[in-house]
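Take the sequences, apply the hints, and build the full model.
Order-wise, the sequence lines are chains X and A.
Residues in the first sequence are numbered consecutively from 1, following our numbering.
Residues in the second sequence are numbered consecutively from 1001, following our numbering.
Derived from the structure by calculation, the hints contain no laboratory data.
The beta carbon of each residue, even a glycine, is placed where N, CA and C say it ideally should be.
Check the hints yourself; a few may be wrong.
Computed footprint of chain A on chain X; a stretch qualifies when at least three of its residues, placed anywhere within it, have a C-beta under 8 Å from a C-beta of chain A [stated by the list, open to error]:
#1 103 to 117
#2 135 to 143
To spell it out: a stretch of chain X is covered by chain A in this simulated footprint if at least three of its residues, at any positions, have a beta carbon under 8 Å from a beta carbon of chain A; those stretches are [said to hold, decoys possible]:
#3 93 to 100
#4 146 to 157
#5 173 to 182
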Amino acid sequence: MALQIAFDDGYILNSTQLNNSGDEIEKTAGHFSRRMSPNKRLDNVVSLISEMTIKNHFKSVGGNSAINIRPVDVYFKSIIKSVPWLPEFLEESSEIDNPKLALPYYRKFNNLLLNNDFEKCDKILKVTNTDDLSMLLLVGMPRLFFQWREKLSSWELFLKGAEESIKEKGFDPKVLLKGIVQG
Amino acid sequence: MNFYSCIDSIFSDVDYLCVAIQKISNSQNHVGLFFKDSQDQTKLLHQPWHYRTLLTNPTEEYIWFDVELDEFNKMHLATFCALIAEQNEEGIAYSLCSNGTRFSPDGSYSTEIMYTGLTCSTFVMQVFDSQGFQILDKKSWKNLPADKTWMNQIIQKVKQSEADKKFLSYQRKRIQEGVSRFRPEQVAAALNTINWPHTPSSIREPANQVVQCLNDFEQALKKE
Chain X
1 MALQIAFDDG
11 YILNSTQLNN
21 SGDEIEKTAG
31 HFSRRMSPNK
41 RLDNVVSLIS
51 EMTIKNHFKS
61 VGGNSAINIR
71 PVDVYFKSII
81 KSVPWLPEFL
91 EESSEIDNPK
101 LALPYYRKFN
111 NLLLNNDFEK
121 CDKILKVTNT
131 DDLSMLLLVG
141 MPRLFFQWRE
151 KLSSWELFLK
161 GAEESIKEKG
171 FDPKVLLKGI
181 VQG
Chain A
1001 MNFYSCIDSI
1011 FSDVDYLCVA
1021 IQKISNSQNH
1031 VGLFFKDSQD
1041 QTKLLHQPWH
1051 YRTLLTNPTE
1061 EYIWFDVELD
1071 EFNKMHLATF
1081 CALIAEQNEE
1091 GIAYSLCSNG
1101 TRFSPDGSYS
1111 TEIMYTGLTC
1121 STFVMQVFDS
1131 QGFQILDKKS
1141 WKNLPADKTW
1151 MNQIIQKVKQ
1161 SEADKKFLSY
1171 QRKRIQEGVS
1181 RFRPEQVAAA
1191 LNTINWPHTP
1201 SSIREPANQV
1211 VQCLNDFEQA
1221 LKKE
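Printed below as a string of structure tokens:
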């Protein structure tokens, strides 16, 4: 299966590279000075790649490494083409912590929804790592999207991720997402 | 119940989102939301009347209360308020019948039923409802015969705003069938207290306290 991993800065790692060499992963990892994504995200990558050897390699890279990867499928490049602001959003998402910073992205999400671009919205939810979202977005994105949840196949997974990330940040998701999640 | 007013506070102190209420007369109040916009300015988002602009600057006739929510949800709702203002520049129909109305995620208002709309109270309720917060348990509200007089007076005023004849006749028909009245003080009190959604009985005392705050503010202004 031809799959790719897209890094935050647009670097694309092909599955052939992954298959061929764990060194490539390590080499790529060296380019990024960010924290490691949680294992659950790595598991997601691995399930996409369907390579247990890669899984073991990623796990061995583990918590002391400094990469931040986003698991995506072969359509990622086309999403970026049609949603050009997505990389910027993913880059800034942890720092969007006030209405001034949030409003431009709320408008962009809503333009997609208004145009019935549910597939693009779905992809955004799919590639967004909830652990990277600010607290404002962790409550705001689920509230914005929940009216359309039946049209978004990634909704359940995204919401679950948001709940876990809220919990990891020391807050109660049942309180912050009241009305959306079961109390 | 703690409230803020121009006597002891300034609008820029509003912490992302507050519920604001104004006394119009002894039997009529008006409710809206103070929120911080993207320029960090405090604005008033409300349903002032039939197809009037929803976004204005706050004025000193209002008192305001904290909304009992965490800062993140208040920030989100403040951002959503800005979207509502942007998407509904023409205003919204003023109607006692709010069935089928909603705000989409982009902030635009829509209704499934022709000739419905929002009052100042149902406007605020709908802002919260569209984001997953049910502040009042609408089903537990009774249609009180005593409210019909007030409703008919409102219809007369809407008529003066050159409302469509069909719009007005729908309002009269619905009033005869029975429409619940949600009072501004009930909405303001609900947002200032926890345990949503409130029933008429659970909100009665807090709503009375809001009215008392309005009266206290009026007296304080007279002394100044």
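Structure versus earlier hints - violations, ascending order: Failing hints: none at all.
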